[in-house]
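On the provided structure of chain H, position chain U as indicated by the hints.
If you read the protein sequences in the order shown, they are chains H and U. Under the UniProt record's numbering, the letters of the first sequence match residues 1 to 427, in that order. Under the UniProt record's numbering, the letters of the second sequence match residues 1 to 427, in that order.
For the record, the hints were derived by calculation from the structure and aren't laboratory data. Any given hint might turn out to be false.
Pairs involving identical chains hold if they fit within one copy or between any two copies, as the list cannot separate such chains.
Unchecked claim - Cross-link-like lysine to any residue pairs, in silico, SDA-like; alpha carbons within 20 Å at most:
#, residue 1, residue 2
1, 97, 108
2, 11, 201
3, 20, 219
4, 339, 311
5, 20, 281
6, 85, 412
7, 86, 402
8, 86, 410
9, 11, 25
10, 152, 30
11, 331, 394
12, 341, 121
13, 262, 19
2 protein chains.
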Amino acid sequence: MIRQYSQKEFKEAFIAAKTKKQPFDSDVLQTVKHILDDIRNRGDEAVKEYTKKFDGLAAASLLVSKKERENAWNDVAPEVITALKKAADNIRSFHSKQLQTSRVMEMTDDIVSGQLFRPLERVGIYVPGGKASYPSTVLMNAIPAKLAGVKKIVMTTPARDGKNIPPVLSVAADIAGVDTIYKIGGSQAIGALAYGTEQIEAVDKIVGPGNAYVAAAKSLVFGDVGIDMIAGPSEVAIIVDESAHPPYVAADLIAQAEHDEKARSFLFCTSKALLAKTLEEVKRQCEELPRKDIAEISLANEGAAVLVDTIDEAFSLVNALAPEHLEIQTKNALHHLSKVKNAGSVFIGHHTPEAVGDYFAGPNHVLPTVGTARFSSGLSVDDFIKKTTYVYYSENALRQAAPYVETLAQEEELDGHARAVKVRLEQ
Amino acid sequence: MIRQYSQKEFKEAFIAAKTKKQPFDSDVLQTVKHILDDIRNRGDEAVKEYTKKFDGLAAASLLVSKKERENAWNDVAPEVITALKKAADNIRSFHSKQLQTSRVMEMTDDIVSGQLFRPLERVGIYVPGGKASYPSTVLMNAIPAKLAGVKKIVMTTPARDGKNIPPVLSVAADIAGVDTIYKIGGSQAIGALAYGTEQIEAVDKIVGPGNAYVAAAKSLVFGDVGIDMIAGPSEVAIIVDESAHPPYVAADLIAQAEHDEKARSFLFCTSKALLAKTLEEVKRQCEELPRKDIAEISLANEGAAVLVDTIDEAFSLVNALAPEHLEIQTKNALHHLSKVKNAGSVFIGHHTPEAVGDYFAGPNHVLPTVGTARFSSGLSVDDFIKKTTYVYYSENALRQAAPYVETLAQEEELDGHARAVKVRLEQ
Numbered sequence: 001m002i003r004q005y006s007q008k009e010f011k012e013a014f015i016a017a018k019t020k021k022q023p024f025d026s027d028v029l030q031t032v033k034h035i036l037d038d039i040r041n042r043g044d045e046a047v048k049e050y051t052k053k054f055d056g057l058a059a060a061s062l063l064v065s066k067k068e069r070e071n072a073w074n075d076v077a078p079e080v081i082t083a084l085k086k087a088a089d090n091i092r093s094f095h096s097k098q099l100q101t102s103r104v105m106e107m108t109d110d111i112v113s114g115q116l117f118r119p120l121e122r123v124g125i126y127v128p129g130g131k132a133s134y135p136s137t138v139l140m141n142a143i144p145a146k147l148a149g150v151k152k153i154v155m156t157t158p159a160r161d162g163k164n165i166p167p168v169l170s171v172a173a174d175i176a177g178v179d180t181i182y183k184i185g186g187s188q189a190i191g192a193l194a195y196g197t198e199q200i201e202a203v204d205k206i207v208g209p210g211n212a213y214v215a216a217a218k219s220l221v222f223g224d225v226g227i228d229m230i231a232g233p234s235e236v237a238i239i240v241d242e243s244a245h246p247p248y249v250a251a252d253l254i255a256q257a258e259h260d261e262k263a264r265s266f267l268f269c270t271s272k273a274l275l276a277k278t279l280e281e282v283k284r285q286c287e288e289l290p291r292k293d294i295a296e297i298s299l300a301n302e303g304a305a306v307l308v309d310t311i312d313e314a315f316s317l318v319n320a321l322a323p324e325h326l327e328i329q330t331k332n333a334l335h336h337l338s339k340v341k342n343a344g345s346v347f348i349g350h351h352t353p354e355a356v357g358d359y360f361a362g363p364n365h366v367l368p369t370v371g372t373a374r375f376s377s378g379l380s381v382d383d384f385i386k387k388t389t390y391v392y393y394s395e396n397a398l399r400q401a402a403p404y405v406e407t408l409a410q411e412e413e414l415d416g417h418a419r420a421v422k423v424r425l426e427q
Numbered sequence: 001m002i003r004q005y006s007q008k009e010f011k012e013a014f015i016a017a018k019t020k021k022q023p024f025d026s027d028v029l030q031t032v033k034h035i036l037d038d039i040r041n042r043g044d045e046a047v048k049e050y051t052k053k054f055d056g057l058a059a060a061s062l063l064v065s066k067k068e069r070e071n072a073w074n075d076v077a078p079e080v081i082t083a084l085k086k087a088a089d090n091i092r093s094f095h096s097k098q099l100q101t102s103r104v105m106e107m108t109d110d111i112v113s114g115q116l117f118r119p120l121e122r123v124g125i126y127v128p129g130g131k132a133s134y135p136s137t138v139l140m141n142a143i144p145a146k147l148a149g150v151k152k153i154v155m156t157t158p159a160r161d162g163k164n165i166p167p168v169l170s171v172a173a174d175i176a177g178v179d180t181i182y183k184i185g186g187s188q189a190i191g192a193l194a195y196g197t198e199q200i201e202a203v204d205k206i207v208g209p210g211n212a213y214v215a216a217a218k219s220l221v222f223g224d225v226g227i228d229m230i231a232g233p234s235e236v237a238i239i240v241d242e243s244a245h246p247p248y249v250a251a252d253l254i255a256q257a258e259h260d261e262k263a264r265s266f267l268f269c270t271s272k273a274l275l276a277k278t279l280e281e282v283k284r285q286c287e288e289l290p291r292k293d294i295a296e297i298s299l300a301n302e303g304a305a306v307l308v309d310t311i312d313e314a315f316s317l318v319n320a321l322a323p324e325h326l327e328i329q330t331k332n333a334l335h336h337l338s339k340v341k342n343a344g345s346v347f348i349g350h351h352t353p354e355a356v357g358d359y360f361a362g363p364n365h366v367l368p369t370v371g372t373a374r375f376s377s378g379l380s381v382d383d384f385i386k387k388t389t390y391v392y393y394s395e396n397a398l399r400q401a402a403p404y405v406e407t408l409a410q411e412e413e414l415d416g417h418a419r420a421v422k423v424r425l426e427q
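Next up, chain H with everything else stripped away, as it sits in the complex (with noise of 0.2 Å):
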């Protein structure tokens, strides 16, 4: 069960042992890195080597064919894929509004300068493989692709069984709008995206989650490709006041634990009764949750409860903490959105579960942990779009600027950067 903690403990002794990003293993860093370097030496030959024996598949060809993407839509039930088209579509409309335009800073006869935002020109995703399907992780990375702009997204997902793609996927990235979908697995996928083979065009970016093994893959080949982060364990941090529900706020705590062992759950309760009773829920619930064994191992072993003297207190045990998630569930709870500095998304009123969000409402679910969330951001359209400055300066706007410029120069003692101003002026 999970363990309560005193606002002083928590601050003191939980909040930095959770904020500390978690090394790779060594040894994982050396099979990759030698199949990474295998996958530039021999390109295709390597990759289906890999794939026939990490995924027990041995096939001409990776690509997934048209026909193979067509007929996944028989694979998959009605109600998914309406259930997948609505998501998309309230994804789409949330970061359609994250657009924006190249920008026009100062326009004169003499200066013009701005910024120009340009789309990343080939993206790959991975998408992992497993007992289950990720179909939302295909419509969170896609989707903002496709609305930059982005050219070719190319997704990549391990075979199942030796076989096929699993066709929800499929169907998800025909709904995303992903151009190109390989049979590849693991390291091996990230190392074909980074570097590219005579069948796979290299990526500019990759982007999605994956295994320890995807995880160094990805910090390895950073660089080369950008990526788009290396996400630690799934975290929710929920602030409750005696306005909350007990079996709601339960049910949210299990909903983070049930993602694996390592997922993090923590309570923020203004109220010691409601916390008790709280505490009480879990258990209850947790009783008849088909993946009861790995929410119970999370919640004993990664989770906090902190009763706390007041929300602000909570807010600033959250703000230290920086969560990926957070929930807040009080009266007038839109009112305390002003309060937060540090987290990757947030779940506010007594009806918004991070489950809805997770899925559907529209925000990005691909999130900064481990208290990343102090500098940096959920995946938006940003991430596939790319900024780059211009100037135009007239010959007089140059020798307006040119005093300063050469006494800046030779201050760092940089006089070819002098001579270059100079040397258009002299005539």
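Chain U only, in chain H's frame:
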């Protein structure tokens, strides 16, 4: 002298080699890791030991005092102060137009959603030491942070000759709005900023250039704090046609090359005669340059001149290269801006040498290098902002969404997610 390449050679061999990230030296990484661990464990004591060892400074406090900062103004030439103030005005004006406000994506009785824009709370700026001082680094890094609303801007730079920091850096810090300055250099500065000590409060993000040790330290602390980027060698690509002036073009190639021996100067020219004249002019101008030795090595080892068939072909090569700086010295230069896909910053026309942007015009000079302009952007106000999404659902909105959320949660085998919705609607 600059080596000439054919279009084909440049495309096939040169670009791939010049857009590959440069791995850290493992000895440097090891040394830096030790220093960071030491600072994490021993705090100020360790910082002071390293500062004494590497910078020859033994002092009870490493803080630059108010008195020292006031006195610095007497030790900087008035024309330098004026030039810094003028440059700061331009940088402030350009970057202020990047400011964005929090967004509302949807607002009805049932749904409120959007993005909060929040400044980072504390930012650290590293300013390198060495023979020369770089006040422009202070302006370019601190001004966007200040505009973004960062509450505390901390700068560190090593003391010179075991005494004080260069007065011009202190003055630039005052002009740019830096709150606190410490006399700390190298990886120990990065460690102190990332993890905090008794005297130095930890920051949320560290920006600014530095040598191999500083770069390695930034890469190691990344994740615990944010960083701007790991800069590679500085680059310029210059596209010219027959309208260009060889002395201007040559001066700009040399200005780039004088930075250091690894700096890269690339020329793309549609005219064989003008290309030859420009290379002659490079030779001639180099003779008179104070940093001649550095520039000549840089040009010979890292430079490239390519005779191109057309301007479009030049842009195709440049977009593949994704250079840090791009100059367009052609007829109707502004018209060609539309062809730029991948570049850090663009300088347009015959009278806009890169030097104007390095110091004065307003756009930032902290820019992506080594091909990373394919997927990343120069420093801007955005780097000091976090975007937090938020969503409120009423009971009614949740009821409308429930079937879809439940379907998707069940499809992903996360029953607890479906239950978090159900529990709110069943009473």
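Here is what the structure says about each hint:
Proximity of residue 97 to residue 108 under the C-alpha cut-off of 20 Å is restricted to the inter-copy arrangement: shortest distance 16 Å between copies versus 30 Å within a copy. When the C-alpha separation of residue 11 and residue 201 is checked against a cutoff of 20 Å, the pair qualifies only between copies, where the shortest distance is 16 Å, while the shortest distance within a copy is 48 Å. In this assembly of identical chains, the alpha carbons of residue 20 and residue 219 lie at most 20 Å apart whether taken from the same copy (17 Å) or from different copies (15 Å). Taking the shortest alpha-carbon separations for residue 339 and residue 311, only the intra-copy value of 10 Å comes in at or below 20 Å, while the best inter-copy value is 53 Å.
Taking CA atoms no more than 20 Å apart as the test, residue 20 paired with residue 281 passes in neither setting, with 31 Å inside one copy and 55 Å between copies. Taking the shortest Cα distances, residue 85 and residue 412 sit within 20 Å of each other only across copies (16 Å), while inside one copy they are farther apart (58 Å). Only between protomers do residue 86 and residue 402 lie at most 20 Å apart by alpha-carbon distance; the minimum there is 12 Å, versus 58 Å within a single protomer. Taking CA atoms no more than 20 Å apart as the test, residue 86 paired with residue 410 passes between copies only; the shortest distance there is 16 Å, against 61 Å inside one copy.
In this assembly of identical chains, residue 11 and residue 25 lie within 20 Å of each other by CA distance neither inside one copy nor across copies; the values are 28 Å within and 38 Å between. Taking the shortest alpha-carbon separations for residue 152 and residue 30, neither the intra-copy value of 31 Å nor the inter-copy value of 40 Å comes in at or below 20 Å. For a Cα distance limit of 20 Å, the shortest separation of residue 331 from residue 394 across copies, 13 Å, qualifies, whereas the shortest one inside one copy, 59 Å, does not. Taking the shortest Cα distances, residue 341 and residue 121 sit within 20 Å of each other only across copies (9 Å), while inside one copy they are farther apart (33 Å).
Taking the shortest alpha-carbon separations for residue 262 and residue 19, only the intra-copy value of 14 Å comes in at or below 20 Å, while the best inter-copy value is 38 Å.
Hints 5, 9, 10 from the list above are not met by this structure, while the remaining hints are.
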